[in-house]
Amino acid sequence: MQIYNKNIRKGLIRDTTSLVVAIIGILLLLFAVYQLYKVFVEQDSEVAKRTINIIEAKINLLEEGQTGKFPIKGPWNKNRKWYLVGWGKENTERPDKCYFDSCICICDGYLKESCQGRNGFCRKVDVKNINVEKTLIFNSGPGPNVGGGGNVPARPEQREEVSAIEFPANLIELQIKKNKDSLEIGYKK
Amino acid sequence: MQKELKKEETKLKLREGMKINKRGEIEVEQTIKFVLPVLAFLIVLGFLAYLGFKEAAQEDICHLTVISRGTSPQAVQAEIPLKCTTKKICLTDGKGKCDESLAGEENLDIIKLPKDSRKAARIIEETSVASMYNCWKMMGEGKVDIFGNYLISRGLRPVEGPTCVICSRVAIDKGISQSIINDVNLHEYMRSNKVPGGDKTYLQSFTDSSFNTYPYVSTKSFQDKLNTIKDENIEEVHASGREIGLVFMQIKAPKISEAVGNLGSDALFSAGGAFMVSSVKGTSGIISLGKLGLKSAPVVLGGGAALAAFSGFNAYLGQTTAAGYCGALATTPLVKNYDEEKGGGDQGCSIVQAVPYDFRSINTMCANIEGIP
Numbered sequence: 000m001q002i003y004n005k006n007i008r009k010g011l012i013r014d015t016t017s018l019v020v021a022i023i024g025i026l027l028l029l030f031a032v033y034q035l036y037k038v039f040v041e042q043d044s045e046v047a048k049r050t051i052n053i054i055e056a057k058i059n060l061l062e063e064g065q066t067g068k069f070p071i072k073g074p075w076n077k078n079r080k081w082y083l084v085g086w087g088k089e090n091t092e093r094p095d096k097c098y099f100d101s102c103i104c105i106c107d108g109y110l111k112e113s114c115q116g117r118n119g120f121c122r123k124v125d126v127k128n129i130n131v132e133k134t135l136i137f138n139s140g141p142g143p144n145v146g147g148g149g150n151v152p153a154r155p156e157q158r159e160e161v162s163a164i165e166f167p168a169n170l171i172e173l174q175i176k177k178n179k180d181s182l183e184i185g186y187k188k
Numbered sequence: 000m001q002k003e004l005k006k007e008e009t010k011l012k013l014r015e016g017m018k019i020n021k022r023g024e025i026e027v028e029q030t031i032k033f034v035l036p037v038l039a040f041l042i043v044l045g046f047l048a049y050l051g052f053k054e055a056a057q058e059d060i061c062h063l064t065v066i067s068r069g070t071s072p073q074a075v076q077a078e079i080p081l082k083c084t085t086k087k088i089c090l091t092d093g094k095g096k097c098d099e100s101l102a103g104e105e106n107l108d109i110i111k112l113p114k115d116s117r118k119a120a121r122i123i124e125e126t127s128v129a130s131m132y133n134c135w136k137m138m139g140e141g142k143v144d145i146f147g148n149y150l151i152s153r154g155l156r157p158v159e160g161p162t163c164v165i166c167s168r169v170a171i172d173k174g175i176s177q178s179i180i181n182d183v184n185l186h187e188y189m190r191s192n193k194v195p196g197g198d199k200t201y202l203q204s205f206t207d208s209s210f211n212t213y214p215y216v217s218t219k220s221f222q223d224k225l226n227t228i229k230d231e232n233i234e235e236v237h238a239s240g241r242e243i244g245l246v247f248m249q250i251k252a253p254k255i256s257e258a259v260g261n262l263g264s265d266a267l268f269s270a271g272g273a274f275m276v277s278s279v280k281g282t283s284g285i286i287s288l289g290k291l292g293l294k295s296a297p298v299v300l301g302g303g304a305a306l307a308a309f310s311g312f313n314a315y316l317g318q319t320t321a322a323g324y325c326g327a328l329a330t331t332p333l334v335k336n337y338d339e340e341k342g343g344g345d346q347g348c349s350i351v352q353a354v355p356y357d358f359r360s361i362n363t364m365c366a367n368i369e370g371i372p
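Here the protein sequences come in this chain order: U and Y.
The letter at position 184 of the first sequence is residue 183 when you use numbering that gives the first Met the number 0, and the numbering goes up by one with no holes.
The letter at position 308 of the second sequence is residue 307 when you use numbering that gives the first Met the number 0, and the numbering goes up by one with no holes.
The hints are simulated quantities; they were obtained by calculation from the structure and are not laboratory data.
Don't take each hint at face value.
What the hints assert, rightly or not - With a straight-line cut-off of 30 Å between C-alpha atoms, the simulated DSS-like cross-links for lysine-lysine are:
1. U/9 with Y/6
2. U/77 with U/9
3. U/57 with Y/94
4. Y/5 with Y/87
5. Y/96 with U/179
Keep in mind that this is a model prediction, so the values were computed, not measured.
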């Protein structure tokens, strides 16, 4: 009986050890696969995140009344345009991510909804208002779905002026002026 | 009889006991065999990370994505982004951190220069030249079609303009005196120093082993084709700039012989198509590949007077050298044939050079910039 109990104990220890080692091995493998996956996908989001971090750091280094100018490379994708947008703390249209503060965001759209999702990266700024230079944006796309089948003509190209900076495929020069209660963000390209 | 039976029984039990013990030993042995290698692997990985494995890994990953993109089938190639992160290097006297140029940037490589002027100048030379060489090697020495297929697959024409990767940014802190910068001699460093771990000098590695001298580039030879940057705003905006970008650019060009011909005898050319152009010391210049597409277009030498705003820093910038390759690029069969509408073809020009890190200078040369800032 004693020997029988000893056998069970030894077997348990052996099996548990094997199980633990196997779990560690599988976890390491999954980690390696995930790292490899990150290498090849989600680069736009990574660039967006890095860019907003740089902009936030540059803003924090500015003194009141100071203007900073610096070249910046933002995310760019032919199929998906990225924008730098900003909202003051009293702007009710700001994304939920900003909570009760003013914030600047880089998103794959210039509307609040674009910044709410996983492709919106926002950083809080300690000022009351944020004014982003207006840009002329050209919108085009398929016409409205009227139902009933048939060909739907494409919507004619529309121009819209929005307070957002669209990132091009190369560099822009961001110009940021920090005032007492506001932040003015402009650009040159 | 019974005694013998009992003896046998005891022996059996003992044997079983021994087996159990052996099993126990085997268990320990097995545990050691599995767990120790894993632990050893983790320790080695941590050690390599401590030594800067991450940095070497980043360069290797970039190179991997370059080769992968250049040689993968078209269907896959469109999904391979260039995972090349711009390296940021700050050369400082120990007090500053290049705040004027690199404030807020992550993963800075801060190199403290010694107080000795000559030694400090040597380190500036070593850092600048090594950055340029590493960029060239990482991007496949200009012989891999990195952007052609990718741009076509994205619906862009490869001849829209050069596409670039900013490999690194080198900033010199304002605390570094002008006398140190005046001591810097990049040309001589490239000509007389060997690549780490190799037999050839930097100059030989960029071109052909037989070359060990520089050509003299006269701006007069480009007189008809000079396209000087005349924007007055450059002086206003970048008067305090002390930063260069090591930029790799590439463009597909069906009439490559014309582009190459424009460089004339003022550049070193090897039979393999590699070349090196060195601006005259004291003047600054950047080479823009321009639109070498459907119609022949000149290779232009830009900059010069407009860059005089980099007073003091200009002496360093004026020594920057461009190295490149014009000829057949390794590419997939899909784009080997040139198409009037889509571009393509397997002829192209690649170049790596140091340029002032400002948006105008870089955008003059680069229609598209890939990689991670």
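How the hints compare with the structure:
no., hint, result
1, U/9 with Y/6, "27 Å, holds"
2, U/77 with U/9, "62 Å, violated"
3, U/57 with Y/94, "20 Å, holds"
4, Y/5 with Y/87, "82 Å, violated"
5, Y/96 with U/179, "27 Å, holds"
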